[in-house]
Amino acid sequence: MFTTRRAVALLKVFLAVLFAVLVLFQVMSLPGQFRSMAEQSPEDAWLRWPLTAITVFWVLCIQVVVVCVWKLLTRVRDDRIFTEESLVWVDVIVWAIGAGWIVLVGVLGLVGFNADDPGLPLLLFLLTVGVTVVGLLMLVMRALLRQATALRTDMEAVI
Amino acid sequence: MPIVVRIDLELAKRKMSVGEFAERVGLTPANVAVLKNGRAKAVRFSTLEAMCRVLDCQPGDLLEWVDD
Numbered sequence: 001m002f003t004t005r006r007a008v009a010l011l012k013v014f015l016a017v018l019f020a021v022l023v024l025f026q027v028m029s030l031p032g033q034f035r036s037m038a039e040q041s042p043e044d045a046w047l048r049w050p051l052t053a054i055t056v057f058w059v060l061c062i063q064v065v066v067v068c069v070w071k072l073l074t075r076v077r078d079d080r081i082f083t084e085e086s087l088v089w090v091d092v093i094v095w096a097i098g099a100g101w102i103v104l105v106g107v108l109g110l111v112g113f114n115a116d117d118p119g120l121p122l123l124l125f126l127l128t129v130g131v132t133v134v135g136l137l138m139l140v141m142r143a144l145l146r147q148a149t150a151l152r153t154d155m156e157a158v159i
Numbered sequence: 001m002p003i004v005v006r007i008d009l010e011l012a013k014r015k016m017s018v019g020e021f022a023e024r025v026g027l028t029p030a031n032v033a034v035l036k037n038g039r040a041k042a043v044r045f046s047t048l049e050a051m052c053r054v055l056d057c058q059p060g061d062l063l064e065w066v067d068d
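Protein chains in written order, with this note's numbering: chain A, 1 to 159; chain B, 1 to 68.
Looking at chain B on its own, in the form it has when it is part of the complex:
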């Protein structure tokens, strides 16, 4: 999958733990792990919106296209 979800970077910038992030976005820690290691097939806009709200960033800061 050439689309990479860069949550770790944004979390590190804000010094936020994965557990806190998961709780504030309303995801299970298991699903956050799926997003982080690139096994997610799709992300709902509502999930993306919540992640952007919690991290105060743009979707482009979270999603990156990498040619494989």
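This is chain A alone, in the form it adopts within the complex:
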């Protein structure tokens, strides 16, 4: 339990740092990146806003996951993780990953059919596989949480 508490505290610090970096990406790096790309190649300048919107949306999905993990960690610390309310946050994580995944698959399809070199589609494919694995893993962990919650509820009715 002591190790868990320390790990949770440390994790929260890193989650806060991660969130700050993501915000930085969202408001400065990504829009700036696409602005300079639009200036460098004016023939692709129309891509600037769609690409900005999509990437900012992906970062938003990651932010949602970070916030949910934070909330769940608080529940772990307070020994309230094996309750029905925890599932709400896990559901939000699953939905956020799902939303990001759908957009990612769409982008992969568009880029895959229009690309002349395999670099970018391959990278996007790798990313899609990664997100798929993470999403499915979340579904398995969600089922495990459900099982553990049922067990805990049963045990609490034992005198």
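Think of the hints as simulated: they come from the structure by calculation, not from any bench.
Source: prediction; values computed, not measured.
Treat the hints with care, as some may be off.
[Said to hold, decoys possible] Distance windows between CB atoms, simulated:
#	chain 1	residue 1	chain 2	residue 2	range
1	B	Ala30	A	Leu139	54 to 62 Å
2	A	Phe2	B	Ser46	21 to 29 Å
3	B	Val66	A	Ala143	57 to 65 Å
4	B	Ala30	A	Leu60	54 to 62 Å
5	B	Glu49	A	Leu136	41 to 49 Å
6	B	Val4	A	Val8	43 to 51 Å
7	B	Val66	A	Gly130	53 to 61 Å
8	B	Pro29	A	Leu60	47 to 55 Å
9	A	Arg152	B	Glu64	23 to 31 Å
10	B	Glu49	A	Ala99	37 to 45 Å
We treat Cβ as the ideally placed atom computed from N, Cα and C, and that holds for glycine.
Dock chain B against the given chain A, drawing on the hints supplied.
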């Protein structure tokens, strides 16, 4: 639930109060109430053992099967 916990009877025989029983067994009075009115889903062997020790009786004196 066809299993009935007969604590009241044993307590009455020994003229022991519910509060004293709860304290000596190490249960909360709320859980003793749950046992008495038949809302308990299960009883740990360790709890059963403590109840038998305090009341100086056998598990069979506390548990009764009633066909419903």
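Here is how each hint holds up against the structure:
no. : hint                           : result
1   : B:Ala30 x A:Leu139: 54 to 62 Å : violated, 38 Å
2   : A:Phe2 x B:Ser46: 21 to 29 Å   : holds, 26 Å
3   : B:Val66 x A:Ala143: 57 to 65 Å : violated, 39 Å
4   : B:Ala30 x A:Leu60: 54 to 62 Å  : violated, 47 Å
5   : B:Glu49 x A:Leu136: 41 to 49 Å : holds, 46 Å
6   : B:Val4 x A:Val8: 43 to 51 Å    : holds, 45 Å
7   : B:Val66 x A:Gly130: 53 to 61 Å : holds, 59 Å
8   : B:Pro29 x A:Leu60: 47 to 55 Å  : holds, 52 Å
9   : A:Arg152 x B:Glu64: 23 to 31 Å : holds, 30 Å
10  : B:Glu49 x A:Ala99: 37 to 45 Å  : violated, 54 Å
Comparing the model with each earlier hint shows violations of hints 1, 3, 4, 10; every other hint is respected.
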